[in-house]
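Construct the complete structure from the given sequences, taking the supplied hints into account.
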Amino acid sequence: QKEVEQNSGPLSVPEGAIASLNCTYSDRGSQSFFWYRQYSGKSPELIMSIYSNGDKEDGRFTAQLNKASQYVSLLIRDSQPSDSATYLCAASSGSARQLTFGSGTQLTVLP
Amino acid sequence: NAGVTQTPKFQVLKTGQSMTLQCAQDMNHNSMYWYRQDPGMGLRLIYYSASEGTTDKGEVPNGYNVSRLNKREFSLRLESAAPSQTSVYFCASTVRNTEAFFGQGTRLTVV
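Chains as they are written, first to last, in our numbering: chain A, 9 to 119; chain B, 17 to 127.
I should point out that these hints are in silico values taken from the structure, not numbers from a laboratory. Just so it is clear, the structure is predicted and the values come from calculations on it, not from any experiment. The beta carbon of each residue, even a glycine, is placed where N, CA and C say it ideally should be. Incorrect hints may appear among the rest.
[Said to hold, decoys possible] Computed beta-carbon distance windows for the label pairs: (1) A:R68 - B:D42: 26 to 34 Å; (2) A:S60 - B:S67: 35 to 43 Å; (3) A:Q88 - B:R93: 39 to 47 Å.
[To be verified] Dumping the calculated EDC-like pairs for lysine to aspartate or glutamate here, alpha-carbon to alpha-carbon at most 16 Å: (4) B:K87 - B:E68; (5) A:K10 - B:E75; (6) A:K75 - A:E11; (7) A:K50 - A:E11; (8) B:K30 - B:E89; (9) A:K50 - B:D54.
Here's what the structure looks like:
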């Protein structure tokens, strides 16, 4: 059974702080990793993808991947109230590169 | 560009009734997926189709059937709905090893 584990939270940070979200995965065959943001009642939307070890930065978001430790993280700098959402970590593997999702971390950014 | 379109958006069924959820994508993607999302459980894969003409079971296939009608369309059928199938259903599509695009979701209640 392929598993992706996330801290379920909830996680609260003050506006302007750094939010740190973590994820571990069990399938060493996973090749691609994604962070999705999901607002209440909406569908998931991709915010970051990462395919190789190290850091990947995109604006206020930084994804980190460590395949040896089977660990993925997302840092959100200068957090804004609009970042308040559930963040889903996903790992891609298998013949159709199907995604296995974690249960999500609910983030609240306090004004 | 509509992306991934799901119908219907909302549905209430009585136990034992059947229905088909429709999904279509206009991005020429090869792979399509059906997920269900329950509170606190992230998204779980029901069925997927790596390419036109192929379908495979995911993590939670019991009680469901699928049809990959053509490259664009992937339908999910509940033959005899049960209250345990009350959930939010998402269809998604992807080009191999890249991000998955999600439809807007179908909120299904079985009473």
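CB of R68 of chain A to CB of D42 of chain B, is that within 26 to 34 Å?
For D42 of chain B against R68 of chain A, whose Cβ atoms are near 31 Å apart, the range 26 to 34 Å holds.
16 Å Cα cutoff - pair K50 of chain A, D54 of chain B:
The given pair, whose Cα atoms are some 13 Å apart, holds under the 16 Å limit.
K87 of chain B and E68 of chain B were given as a pair; does the straight-line alpha-carbon distance stay at or below 16 Å?
Given pair K87 of chain B, E68 of chain B holds - Cα atoms ~5 Å apart, limit 16 Å.
State, for the Cβ atoms of Q88 of chain A and R93 of chain B, whether the hinted interval 39 to 47 Å holds or is violated.
42 Å, holds
CA of K30 of chain B to CA of E89 of chain B, is that 16 Å or under?
26 Å, violated
Going straight from one Cα to the other, do K75 of chain A and E11 of chain A come out at no more than 16 Å?
Holds, at roughly 15 Å.
Outcome for the supplied range 35 to 43 Å, where the beta carbon pair is S60 of chain A and S67 of chain B:
At 26 Å between Cβs, range violated.
Starting from K10 of chain A, check that the Cα of E75 of chain B is at most 16 Å away, please.
Given pair K10 of chain A, E75 of chain B holds - Cα atoms ~9 Å apart, limit 16 Å.
Do the alpha carbons of K50 of chain A and E11 of chain A lie within 16 Å of each other, as the hint requires?
With Cα atoms ~24 Å apart, K50 of chain A and E11 of chain A exceed 16 Å; violated.
Hint compliance for this structure: hints 2, 7 and 8 are broken, all remaining hints hold.
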